[in-house]
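In case you want the letters, here they are:
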Amino acid sequence: MKHLIDIQDFSAQEIDELIKVANDIIANPKKYSEKCNGKKLATLFFEPSTRTRLSFEAAMLELGGNVLGFSESSSSSVSKGESVSDTIRVVGCYSDIIAMRHPKEGAPLVASLKSTVPIINAGDGGHNHPTQTLTDLLTISREKGRLDHMTIGLCGDLKFGRTVHSLINAMSRYPGIKFVLISPEELKIPDYVKTNVLDKLQIEYCETKDIETYLPELDILYMTRVQRERFFNEADYIRLKDYYVLTKAKLENAKKDLAILHPLPRVNEIHTDVDEDPRAKYFEQALCGKYIRMALILKMLGIK
Amino acid sequence: MNIDSIQNGYVIDHIQAGNAMVIYNALKLNELDCQVAIISNAKSHKTGKKDIIKIDKNIKLDLEKLGFLDPNVTVNIVKNSQVIEKKKLALPEKIVNVAKCKNPRCITSEERDLDQIFILTDRENGVYRCKYCESSLK
Numbered sequence: 156m157k158h159l160i161d162i163q164d165f166s167a168q169e170i171d172e173l174i175k176v177a178n179d180i181i182a183n184p185k186k187y188s189e190k191c192n193g194k195k196l197a198t199l200f201f202e203p204s205t206r207t208r209l210s211f212e213a214a215m216l217e218l219g220g221n222v223l224g225f226s227e228s229s230s231s232s233v234s235k236g237e238s239v240s241d242t243i244r245v246v247g248c249y250s251d252i253i254a255m256r257h258p259k260e261g262a263p264l265v266a267s268l269k270s271t272v273p274i275i276n277a278g279d280g281g282h283n284h285p286t287q288t289l290t291d292l293l294t295i296s297r298e299k300g301r302l303d304h305m306t307i308g309l310c311g312d313l314k315f316g317r318t319v320h321s322l323i324n325a326m327s328r329y330p331g332i333k334f335v336l337i338s339p340e341e342l343k344i345p346d347y348v349k350t351n352v353l354d355k356l357q358i359e360y361c362e363t364k365d366i367e368t369y370l371p372e373l374d375i376l377y378m379t380r381v382q383r384e385r386f387f388n389e390a391d392y393i394r395l396k397d398y399y400v401l402t403k404a405k406l407e408n409a410k411k412d413l414a415i416l417h418p419l420p421r422v423n424e425i426h427t428d429v430d431e432d433p434r435a436k437y438f439e440q441a442l443c444g445k446y447i448r449m450a451l452i453l454k455m456l457g458i459k
Numbered sequence: 014m015n016i017d018s019i020q021n022g023y024v025i026d027h028i029q030a031g032n033a034m035v036i037y038n039a040l041k042l043n044e045l046d047c048q049v050a051i052i053s054n055a056k057s058h059k060t061g062k063k064d065i066i067k068i069d070k071n072i073k074l075d076l077e078k079l080g081f082l083d084p085n086v087t088v089n090i091v092k093n094s095q096v097i098e099k100k101k102l103a104l105p106e107k108i109v110n111v112a113k114c115k116n117p118r119c120i121t122s123e124e125r126d127l128d129q130i131f132i133l134t135d136r137e138n139g140v141y142r143c144k145y146c147e148s149s150l151k
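First to last, the sequence lines map onto chains F and Z.
This note's numbering numbers the first residue of the first sequence as 156 and each following residue consecutively.
This note's numbering numbers the first residue of the second sequence as 14 and each following residue consecutively.
Treat the hints with care, since some could be wrong.
[To be verified] Computed list of lysine-lysine pairs in BS3-like fashion (alpha-carbon distance at most 25 Å, straight line):
| no. | chain 1 | residue 1 | chain 2 | residue 2 |
| --- | --- | --- | --- | --- |
| 1 | F | Lys269 | Z | Lys144 |
| 2 | Z | Lys113 | F | Lys269 |
| 3 | Z | Lys107 | Z | Lys41 |
| 4 | Z | Lys144 | F | Lys343 |
| 5 | Z | Lys92 | F | Lys314 |
| 6 | Z | Lys100 | Z | Lys67 |
| 7 | F | Lys299 | F | Lys411 |
| 8 | F | Lys349 | Z | Lys78 |
| 9 | Z | Lys113 | F | Lys349 |
| 10 | Z | Lys70 | Z | Lys115 |
| 11 | Z | Lys113 | Z | Lys73 |
| 12 | Z | Lys144 | F | Lys157 |
| 13 | F | Lys314 | Z | Lys151 |
| 14 | Z | Lys107 | F | Lys349 |
| 15 | Z | Lys115 | F | Lys269 |
| 16 | F | Lys355 | Z | Lys151 |
| 17 | F | Lys349 | Z | Lys92 |
| 18 | Z | Lys73 | Z | Lys100 |
| 19 | F | Lys269 | Z | Lys107 |
| 20 | F | Lys396 | F | Lys411 |
| 21 | Z | Lys92 | Z | Lys41 |
| 22 | F | Lys454 | F | Lys186 |
Don't read these hints as lab results, they were simulated from the structure.
From just these sequences and the hints, can you work out the full model?
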């Protein structure tokens, strides 16, 4: 049985196939509207999330399937002390596929070891978020017409930003990729991402605190939010939360075909005056999230 | 200094000097009812000095844990006072329940009855990472 715990669970070929299916869904939505009739998706969100959960649920509903689940652990058996393994075994009795988010890193892997149905990792702490990565890849592919030969700027919280780690993992498999890693000192990319991915695959990258110097070079600018929930110390969060604020004025020297992405929700890191700029693609990105999850659900359920 | 030869058991040789007690405690050799000798700072041609542990009983030795604690040791297996096999150890590919993940956000800090598993991801630098959260073991 196939699970999606880490983006590395899928080959570049499988990702290309998912993108192809997602594009076909966008072009021919009716063709897919009854593909999952009689199937149930369980969304187990041990940690609150709006868009990821809703995009999974919208994806399954648009495929003609049904959804069940919970949106925070306080409304689940976890509040009674149930383990992840037990919860998954039980929910597997009631559903055909499970999408789970959990604050503890590695929880979806534990779930997949016990599950009788496919598990999709919808985010585990600061670790992985592979469906956001698939969303990002679909968006980049639709905006650029390719996934290779480009310079990608990743800006903000690169330490706890799981979407960043997964995106680096995925994009590093394509030729001609260069990363510009823009973050304050305290939120630099973890060493294991550098040693296990960038250095190992000899990917060109640079680390900087300065967004403006590098902005004109970028084909993609991927902004991230500084996540309050990842800090043990509120003072550190307050000090770092507005370190980068992208404004229309700052974009003056950027490429005309730059694509600005953000996994959302944003706080202050992208000023609302950027929203009307044609290079702002984060709301299109959110829509891509639904389509790629539709393609993913079909793949995991083995439905053509 | 004379230490009696052992009849049946093990001589763990080439232990990094100063590491014998770490190994003694980790392998719980204090719980054995046989003779166990710890030799500290023995002369070594290779490294100047080394530690040695002799165990006079054919116990089930946890070579995985031993290889993790000191990959450069040699384990001599002794039968009827003769060394019948010399095992060179190396860092194991995986260690199970030898060390605990220190990442407070890791699922191992919460889930009951979950084995603590670390995978060797960089043999050259001896880096192990938690199977679940990928934090490195320091």
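Taking 25 Å as the top limit, are the C-alpha atoms of Lys144 (chain Z) and Lys343 (chain F) close enough? holds, 23 Å
Restraint check for Lys349 (chain F) with Lys92 (chain Z), where alpha carbons must lie at most 25 Å apart: Violated. Lys349 (chain F) to Lys92 (chain Z) sits at ~49 Å, over the 25 Å cutoff.
Verify the proposed pairing of Lys100 (chain Z) with Lys67 (chain Z), using a straight-line Cα cut of 25 Å. holds, 15 Å
25 Å limit on alpha-carbon distance, applied to hinted pair Lys113 (chain Z) and Lys349 (chain F): holds, 24 Å
Is the hinted pair Lys269 (chain F) and Lys144 (chain Z) satisfied, with a Cα-Cα distance of at most 25 Å? holds, 16 Å
Please work out if Lys107 (chain Z) and Lys349 (chain F) have their alpha carbons no farther apart than 25 Å. holds, 22 Å
Regarding the pair Lys299 (chain F) and Lys411 (chain F), is the alpha-carbon distance no greater than 25 Å? holds, 12 Å
25 Å Cα cutoff - pair Lys144 (chain Z), Lys157 (chain F): Between Lys144 (chain Z) and Lys157 (chain F) the Cα gap is close to 18 Å, so the pair holds against 25 Å.
Within a Cα-Cα threshold of 25 Å, do Lys70 (chain Z) and Lys115 (chain Z) meet the stated pairing? violated, 35 Å
For a C-alpha distance cap of 25 Å, please report whether Lys314 (chain F) and Lys151 (chain Z) respect it. holds, 18 Å
Against the 25 Å threshold, does the CA-CA distance of Lys454 (chain F) and Lys186 (chain F) hold or violate the hint? holds, 16 Å
Do the alpha carbons of Lys269 (chain F) and Lys107 (chain Z) lie within 25 Å of each other, as the hint requires? holds, 21 Å
Hint violations for this structure: numbers 5, 8, 10, 17, 20, all remaining hints satisfied.
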